[in-house]
Amino acid sequence: MADLSVIESQTPLDPASPLAVRGLTVSYGEKPALFSLDASFPAGKMSAIVGPNGAGKSTFLKAALGLIPKVSGEVSVFGREVDRVRDRIAYLPQRASVDWDFPTTARDVVLMGLYGQVGLWRRITGQHKAHALACLDRVGMADFADRQIGQLSGGQQQRVFLARALAQGADLFLLDEPFAGVDAATEAAIIDVLKSLQAEGRSVIAVHHDLSTVAEYFDHVLLVNLRRIAEGPVATTFTADTLADAYGGRLGAVQIEALALQGA
Amino acid sequence: MGAEFVQFSLTPILIGIFASIACALPGNFLILRRQALIGDAISHVVLPGIVVAFLVTGVVSTWPMLIGAAVAALVAVALIEAVRRLGRIEPGAAMGVVFTSLFAGGVLLLEQSDTSNVHLDVEHALMGNLEQLIWLRADGWGSLLDPVALADLPPELPRMAVAALIIAVLMLVFWRPLKLASFDEGFARALGLPVRLIGLGLVTAAAVAAVAAFDAVGSIIVIAMFICPPAAARMMTNHLGVQVAWSVVFAILSAVLGYVLAGYGPIWLGASNSVSAAGMIATVAGLILGLACLFGPARHRVGVAAGG
Amino acid sequence: MSGFWQALFFQAGYNATLVAVGAALLGFAAGAGGSFLFLRKRALVSDAVAHATLPGVGLAFIVMVSLGGDGRSLVGLLAGSALTAWVGLLALEWMVRRTRLSEDAAIGAILSVFFGVGVVLLTVIQGMSRGRQAGLEDFLLGSTAGMLRQDALLIAGGGALVVFTIWLLRRPMTLVSFDTAFAAARGVDVRRVDLAMMGIVLAVTVIGLKLVGLILIVALLIIPPVTARFWSDRAEHVVWIAGVLGALAGWIGAAISASAPSLPTGPIIVLVATGAFAVSLLFSPRRGVAAAVIARNAFQERVHRRQGLLAMARREPIHDRLTLKILRSEGLLRPDGVATEEGRAAAAKIARDERRWSVARRLHKDTALTGRYDGLTPIEDVFTADEIAWIDTHVVTKGAA
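As you go down the protein sequences, you meet chains E, S and A in turn. So the first sequence is residues 1 to 264, counted in my numbering. So the second sequence is residues 1 to 308, counted in my numbering. So the third sequence is residues 1 to 401, counted in my numbering.
For the record, the hints were derived by calculation from the structure and aren't laboratory data. If you're wondering where the values come from, they're calculated on a predicted model, not measured in any experiment. Be careful, since some hints might not be right.
Here's a subset of chain A near chain E, in silico, CB distances under 10 Å, partners left out [as the list claims (entries may be wrong)]: (1) Ser-102; (2) Gln-150; (3) Ala-235; (4) Val-293; (5) Gln-300; (6) Arg-306; (7) His-319; (8) Asp-320; (9) Thr-323; (10) Ser-358; (11) Arg-361; (12) Arg-362; (13) Leu-363; (14) Ile-379; (15) Val-382.
We treat Cβ as the ideally placed atom computed from N, Cα and C, and that holds for glycine.
With the sequences and hints as input, model every part of the structure.
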């Protein structure tokens, strides 16, 4: 503690990382949701953001995308400002943000993913429609293309939104609790698609709430509880020690041991 | 359907149709975005707008009044947003505070100013004067090709037609962002769409429609057309494009049927006086909505079983 | 001016006094009754109710004339207005329950269509031989000019009755508007209480028709509750504060209106209420704009200060200009970017607290306490001194291990 000199410098965030943040603080009113968070996700990997309820996981994605204002901090996507690379990002919000009563079909929803490329004016061609249908097919929803979105089950809706993200042709996929409230078949289908994206060299970052599948699904993990608790490869980072730090009394010691064993 | 029809009925019907379409088009999106009552708020603040315009210019003439009404509409929208955000008040209550206050201010100003010798009153703003927008120079369908007669068309007709056209073109141009921002705002913002600007643009289009329409047809039709045709159309289909098409059909139907029933209905019933066309158009729009609520194929909310 | 004071203290004649008392009672009933709607986030339902009174006024006139009367009896007209307003309410509920329309669209549909029907009926009346002097247009904006003594008595009596009803039903209505599910679990019949709320709103609207008119009665049902919300977080207080605010607006507004010509009662009452709202929006100590701006700045400063100190403790560089500015202005950082003695002490304390929190989260069983960790709350606010000492023993052992 003797020598506390502070250097002012502007070292840039890692340009190779698909998403890196430094000193990110976000608050709702007077209650911070994230406090001075640092994180840097690796390219071409499956990364999980894990932490207890209210730890700021979804807030992290929203703030990184600039959807909610931040009190302080910097964000870099592929080494650039997020506004300059929006066409390389596909974001799958939590299901609640959508108006399920809206007059639109599954096919329409996937076509919306193309708006970034087609723009305001250009006509949607047969080629675009074929691409949209292919994306729906990739998530096993081609037969439901003409259903109104609200008439699908929760898992089916989630697949349609994943198909929309696929249609965007992005390099970075940001998913907010993609497995929340979906059935086992849908979860398997989604994880297949995500693994295939990774095989194509794309980066996937997902807010994830099921600790028992972290080791199975992901390569890299960010444990967050208001601050960064730990970050790194799942094998070395997802341990009893860090879990206890992130979850504290909310997880019993037995649970933590069991989960960390799986992780090790 | 001779000269008399062209003289006395053609122009009011056309003006009613254009006004109804101009309001129904943005109404589709207002309803889907749960902002249906913005139309209500805007129509109420038209009165203070025209009163202030009269006090500033000292004359009752068209353009100052239209500009005053438009400014008042935008001021009201800004105030509603400010009250909602600054006071953390739910949108409905924020609207209620703002538009009733502005309306009260408008009535007070009207009472305070000397308007006894000019035609400026609350009833006119509410009910319009559709019946008086006749085309005296016409002497038959041939007048549609007669430049002299055409020059004598009530100015409300070209004005309303242009307003309807502008709104239709704007809707086509901004169809995709409007649809996306209304359906999934989070995703639209992640794509970098200026979601708040889109919302403001929609409300501005609604204000333009309301302001252009109120002078000719009054605020009742404006509110009714913002809501009834699109709401009825929503019950007919689960496709946005089809819904908008239905809403235009319902708007035209309300305008034509309403005008005809107001003018000829009482006579068929043996009475001598016609009734308010504006009121009757709103009534017909309500009847169409009622039928759609009862029989529309897509009337039920998701998850509510048919007939349940 | 003296006219205003006279009217305010009931010295301006019997009728003016009755109007002022009636306006105050109506204001109280509207403010308190409107609160329940506002707390249920259904404030604009009152707009639909108010507009739906118009066809009733017209119908009642037509019926009374066809029965041989002159059609201008206030009681009859108000009964008619209550009837169609009730029909409007039922239609509104039906649309929301049975179709996919959301409540705002249903409100807009009901208010515009019923109002349209009302206007049609008014033009029918104008065509009747007795209709020309009916003066039904007064119900749009209200009018105290030419108000009969019995009309004023009717308004004052009706207002008193509504106030009494609200007082009787205050508990179930507060419960339902605050937490519907909880009220239902307690065995309160939510539907009937809702019905009673709507009945009160309807009664206020009908009584207010003559005084402030159907367009502005909505203001009295909405503005006082919204204003009261700035002054209390407790539902039952909001109701009574709104009542008092409404009564004051009615009383002062009626007095101003009586003090000079061309000051219409309805708009003046509404504008008095709006004035109280504007003052509350800006200056209420808890939810006002001024208070929020001050709190927001203070909060941002705290966040940056703490972030800067954490960076200092970890010997990380600080990039943020605002952070640097705050640290410098508080003497924690020298202008050349080196920490001062004070700064080091503060940074060390914060680093120690962070370690304590980390231990506390790990060891402490009570998540309600550890859950209060938000990066800003000092640990001393959450744990007692001996608890912190206990935590410290673990900090040391962990450091040694």
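How the hints compare with the structure:
About 8 Å separates the beta-carbon of Ser-102 (chain A) from the nearest beta-carbon of chain E, less than 10 Å, and the hint is met. A distance limit of 10 Å between C-beta atoms decides the matter here; for Gln-150 (chain A) the minimum to chain E is near 51 Å, and the interface restraint is violated. Against a cut-off of 10 Å between C-beta atoms, the interface hint on Ala-235 (chain A) is violated, since the closest Cβ of chain E lies about 21 Å away. At a threshold of 10 Å, the smallest CB-CB gap from Val-293 (chain A) to chain E is about 13 Å, leaving the interface hint violated.
Taken as an interface hint, Gln-300 (chain A) checks out: its beta carbon lies about 6 Å from the nearest beta carbon of chain E, inside 10 Å. With a cut of 10 Å, the hint placing Arg-306 (chain A) at the interface with chain E holds, because the nearest CB-to-CB distance is about 8 Å. At its closest, the beta carbon of His-319 (chain A) sits 6 Å from a beta carbon of chain E; the interface hint therefore holds under the 10 Å criterion. Hint status for Asp-320 (chain A) relative to chain E: holds, with the closest Cβ pair at about 5 Å, below 10 Å.
Given hint, Thr-323 (chain A) at the interface with chain E, holds; its Cβ is 7 Å from that chain's nearest Cβ, closer than 10 Å. With a least beta-carbon distance of about 6 Å to chain E, the hint placing Ser-358 (chain A) at the interface is held under the 10 Å criterion. For the restraint placing Arg-361 (chain A) at the interface with chain E, the shortest Cβ-Cβ distance is roughly 4 Å, inside the 10 Å limit, so the hint holds. With a least beta-carbon distance of about 5 Å to chain E, the hint placing Arg-362 (chain A) at the interface is held under the 10 Å criterion.
The interface hint given for Leu-363 (chain A) holds, since its Cβ lies 8 Å from the closest Cβ of chain E, which is under the 10 Å cut-off. At its closest, the beta carbon of Ile-379 (chain A) sits 14 Å from a beta carbon of chain E; the interface hint therefore is violated under the 10 Å criterion. The beta carbon of Val-382 (chain A) is not positioned within 10 Å of any beta carbon in chain E (closest approach about 13 Å), and the interface hint is therefore violated.
In this structure, the hints that do not hold are numbers 2, 3, 4, 14, 15, in rising order.
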